[in-house]
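Visitor: Listed below are the residues making up each chain.
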Amino acid sequence: MTAQPLLDIRNLTVEFATRRGAVQAVKSIDIQVGKGETVAIVGESGSGKSVTSYAVVRILDRAGKVAEGSISFSGIDLVTADEAQMRDLRGREISMIFQNPRAALNPIRKVGKQIEDVLLQHVQATGATAREKAIEALTKVKIARPEERYDAYPFELSGGMCQRVVIALALACQPQLLIADEPTTGLDVTTQKAVMDLIVELTRERGMSTILITHDLGLAAAYCDRVVVMEKGRVVETADAADIFRNPQHPYTRKLMQATPRIGMSLADLLPEASSGPPAQARAPQAAPAGTEPLMRVENLVKEYPRPATGAFFAKLMGKAEPSSPPFRAVDGISFDVARGETLGLVGESGCGKSTTSMMITRLIDPSGGRIVFDGTDIGAIPAKQFAASPQRRRIQMVFQDPTDSLNPRFTAERAIADPIMRMSTLNGRDALRARCEELARLVGLPVELIDRFPHQLSGGQKARVGIARAIALDPDLVILDEPTAALDVSVQAVVLNLLEELKLRLGMSYLFVSHDLNVVRLLCDRVIVMRSGAIVEQGTAEEVLGSPKAEYTKELLTAIPHPPA
Amino acid sequence: MNDMSQAKTPEVEPVPALRFEAPPSTSLWSHARHVVSENPVTGLAFALFALILLAAIFGPAIVPYDPLASDTAAALQAPSAKHWFGTDQLGRDIFSRVIAATRLDFSIAVFSVALVFVLGGLAGVMAGFFGGWVDKVVGRIADTIMAFPLFVLAMGIVAALGNSVTNIILATAIINFPLYARVARAEANVRRDAGFVQAARLSGNSDWRLLLTQILPNIMPIMAVQMSLTMGYAILNAAGLSFIGLGVRPPTPEWGIMVAEGASFIVSGEWWIAFFPGLALMVAVFCFNLLGDGVRDLVDPQRRN
Amino acid sequence: MLRMIGARLLTTVPSVIGVIIVTFLLTRVLPGDTAAYFAGPAATPQAIAEIRNKLGLDRPLPQQFVSYVTALVKGDLGQSLTTGQSVISDISARLPASAELTLVGLLLAMAVALPLGVLAAVKQGSWVDHLCRIVATAGVSLPVFFTGLLLVYVFYFILGWSPAPLGRLDVFASEPPRITGLLLIDTLVARDFETFRSAFAQLILPALTLAIFSLAPITRMTRASMLAVLGADFVRTARASGLSNTKVIGTYAFRNAMLPVVTTLGMVFSFLLGANVLVEKVFAWPGIGSYAVEALIASDYAPIQGFVLIMAIMYVALNLLIDVLYGVIDPRVRLEG
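Heads up: the sequence lines are chains A, B and C, in that order. Per our numbering, the first sequence starts with residue 1, numbered consecutively. Per our numbering, the second sequence starts with residue 1, numbered consecutively. Per our numbering, the third sequence starts with residue 1, numbered consecutively.
Bear in mind the hints are in silico, worked out from the structure with no lab data behind them. Just so it is clear, the structure is predicted and the values come from calculations on it, not from any experiment. It is possible that part of the hints are untrue.
Said to hold, decoys possible - Not the full set, but computed from the structure, chain A residues with beta-carbon under 10 Å of chain B:
#1 19
#2 268
#3 269
#4 272
#5 387
#6 388
#7 404
#8 410
#9 411
#10 416
#11 421
#12 424
#13 470
#14 474
The beta-carbon is built from N, C-alpha and C at its ideal position, and this holds for glycine as well.
Extracted from the complex, chain A is given alone in its bound form:
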């Protein structure tokens, strides 16, 4: 760190005007960023990390304002600078890139034009040279065929490609400071690596300073020099990236760090020392002894969707049959077993067919081919529409990805948990039902007094528990977990993962765990299946697949995960 920091945030407090009066989103924080330094600001939702960056660039929305403190950039006070001066700095000296790159670009303007806009605004190009310079910017972010891409609209580009364009836009005027706000959230892990590597390469090359805002401590440690940890609007700790995992000082950092899944940890390690979680158990493969019939056997499962044929209408009108393009195979003939009592991980990037597979197994959609044999019966043969009435229905349940979306906003937690019991069991009477719901709530660690609340009155973690209670209400044999923690903060994720593991052992269920997060899969699963483009790339025990992968694709996935020091 140099003597004179490039960006010096002192005693900054940001307030938002709300219905209940002013709320401080950021409370007296100090952050310094030196020239050429890469600093991560890490925190969970509501920590104030994004607000801090908006305050620096002064793009806080109408309700927010800097209440106290100073932000100085190269000696300029950004809090008091006039708007014209700020406009000059934005994009030329300080640039930002955002999460959700597709939305960050003007949907109806060619991407090349959008880069030109910035160049022309900051007089980095003239009308004559703008196009050339924009293409040069696209080339720098390693976009293939930049002349063609210049004329593309954002909707014609992939998410990763859009993020490259956003980076090109941000770096077009050679700024001194880049603020990246969750730049890879929502992108696949291999794309994430490519984008992060690109950012680091370009900023190092130009001696730029970078602020990386992220919820992912692993990402921060892997790519940054220093890490600033924020909690509820305050900076709780600032340390070198190398030190923060080894020697976290603040209790919150410790909790956050611990909750981040890493190699060589057990599930119980994710929880804070103080908590009275389930006894730490060494994970041992829990697959049933060889020779017994698996709980579920999937054979040659296929799901096809007709391709949206463009111009089919014309063809029909002209009386010509369109040369029928083969249907799109979302799942392309996969086979696997789920043993009794085991947790099977199903991993892959977006579009690999893992969700389609889980929907077929839960019998929410019909397969196009193949068999799903569950405990001796081919349930794939029962149409999804009729499966609700099948006796097998209660034995296969699911925990959904988004706890909010999976609860009916008009049902109380109790009503949600009771729904399967009322439909599919012989349990009768209001009192018996209530007693069962309370028992389930206790089982999933949901305070019993909360079960009369509606979803909007519950926190994310509590909603996740309600969803789990509903899934296990009828003692199912197989529970499909569809990214059950993807929408949760890491500390909540740690608790939920432990709960799931404990419940499995207690109730003797099998899990099919669908996830894109290999670190989580490693913790929870006995065996792992890796999918790509509808097919299985590799399957085996978790140790084999994640420890010594054979398939190229698995290796690629594994190296793409940012590895925080163990």
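Go by the hints and put chains B and C onto chain A.
Guide: For chains B and C alone, kept in the frame of chain A given last:
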């Protein structure tokens, strides 16, 4: 179809939401008080609505004059203490007629909206939930109605079916059908594959039960907003039809026809004959529109925190 | 682009078929004797029978439909009993009057509504915003025939600024040679500025009435979609890259905000064409709306049917135009069309 929806973005909101603590519970009533206190105009709308309702129920019983009794000696009198809104060319008391007309105008709006709410709402929900041929048929019907300028279609329907209040109600319901069917369809369609509906499927609910317990209750608030927003339009539409001589016949007191009767006197300066019924119409429509906004604030879960 | 237009053109086919079927049905579902309706109130039983035979009402429905469509293709919408002319010639003679009124009304409305809506969104919470909300709520609550009468009372009776609300030209002016049928244009072409002034003076009040009526939905939609766009991520990116306000609001926000507004225009046209009928009645405007109203009063059915059909066909065409306009603004539609 694929895994596009995975990896939800965990953070976007700038205002800190404390995830670890559950938000405090709020009742509908306290929220209603909040909505009214934040926007007093909504309170005004509710008060106006009560007034209109009273006039519709008790109007004919409490008016000072018989709305149909003519008195040629007192024709074309300007507003005075005796005749608050003046008298028309036949000497009828306009105040009495305006108040007495409330019941008819209000009933036309209520019945037509109720009719289209049931028909359009049901058709739309089924189209959105079941898809397939139901969706195609409902969509085709809605598209065909939408292919007409709506008031013109209403004119055509009333002209064809015959000049009666029932047909005005029917025509108003028909031209609003696409609106209701589309809203209900869209809402049912987004919820069809929502997590909670899938979860209810896994709980062993049949399709019809899903529709009744999961989809419909969640759509009702949106449809209620739709209803209060279209009430004003329904009144305007009915008044417009009777203004050009369709539906209600003189001497029945009805706002649209009263404005039509007063229209020819405007150019000679007897403004009150057309003005007061027009004003009543405007106030009623204004009230329903404000009410619609108020109801939307009340049921919009985004605004409840 | 051409492909998009072609594809969109095809989707209007079912709409047109639907419109024709509905107008056909509207004639046949008449309660009571259709022929009696068509013959008019004063017809003898013999005349009614003659008309029944002439209209083919004694034949089966499908056959009637075929002859109905055949007549349509030939441009035959029947005879008007009141004017004694064919409906198609009546309507084509009166259509320019309606078109001129509607277009001027719409242009007036857009000229006020778009800037107002944009300003209200950009300066959210300011007096412009409040004005915008008042305009939007009051505008949709005003019965269009009532607005018209109020304007007449104020500007004709009290202030005496505008001429009597009786048609397109005052009695002393003579109509210019017909080119487009739009008086404002025809008088200019004929360099007859006196008549132009007269036509303009007659037009301004009814056009204003229509404008006030359609102001509300356009303003409301412009404000709402502008607000949504100003909160969008790409506007944040544009701001964070230091683009000037003019660029951010003009190039980035406004063009995107126009997409839903253009869609709303379809709805606005639906309202406008209906409101047109009422305004024409108030101002004795010799357009197709007042033609239909006169026919209604005389129970002259063929003109009403023709009017409904022509209005619907025009509306379908307008929607087609709006979709093409949408494609011009939005590359997503254009390229995937």
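Visitor: None of the hints should be skipped; say for each whether it holds.
Guide: Hint check:
| no. | hint | result |
| --- | --- | --- |
| 1 | 19 | 7 Å, holds |
| 2 | 268 | 21 Å, violated |
| 3 | 269 | 21 Å, violated |
| 4 | 272 | 13 Å, violated |
| 5 | 387 | 8 Å, holds |
| 6 | 388 | 5 Å, holds |
| 7 | 404 | 8 Å, holds |
| 8 | 410 | 5 Å, holds |
| 9 | 411 | 8 Å, holds |
| 10 | 416 | 8 Å, holds |
| 11 | 421 | 8 Å, holds |
| 12 | 424 | 4 Å, holds |
| 13 | 470 | 6 Å, holds |
| 14 | 474 | 9 Å, holds |
In the structure shown, a violation is registered for the earlier hints numbered 2, 3, 4, in ascending order.
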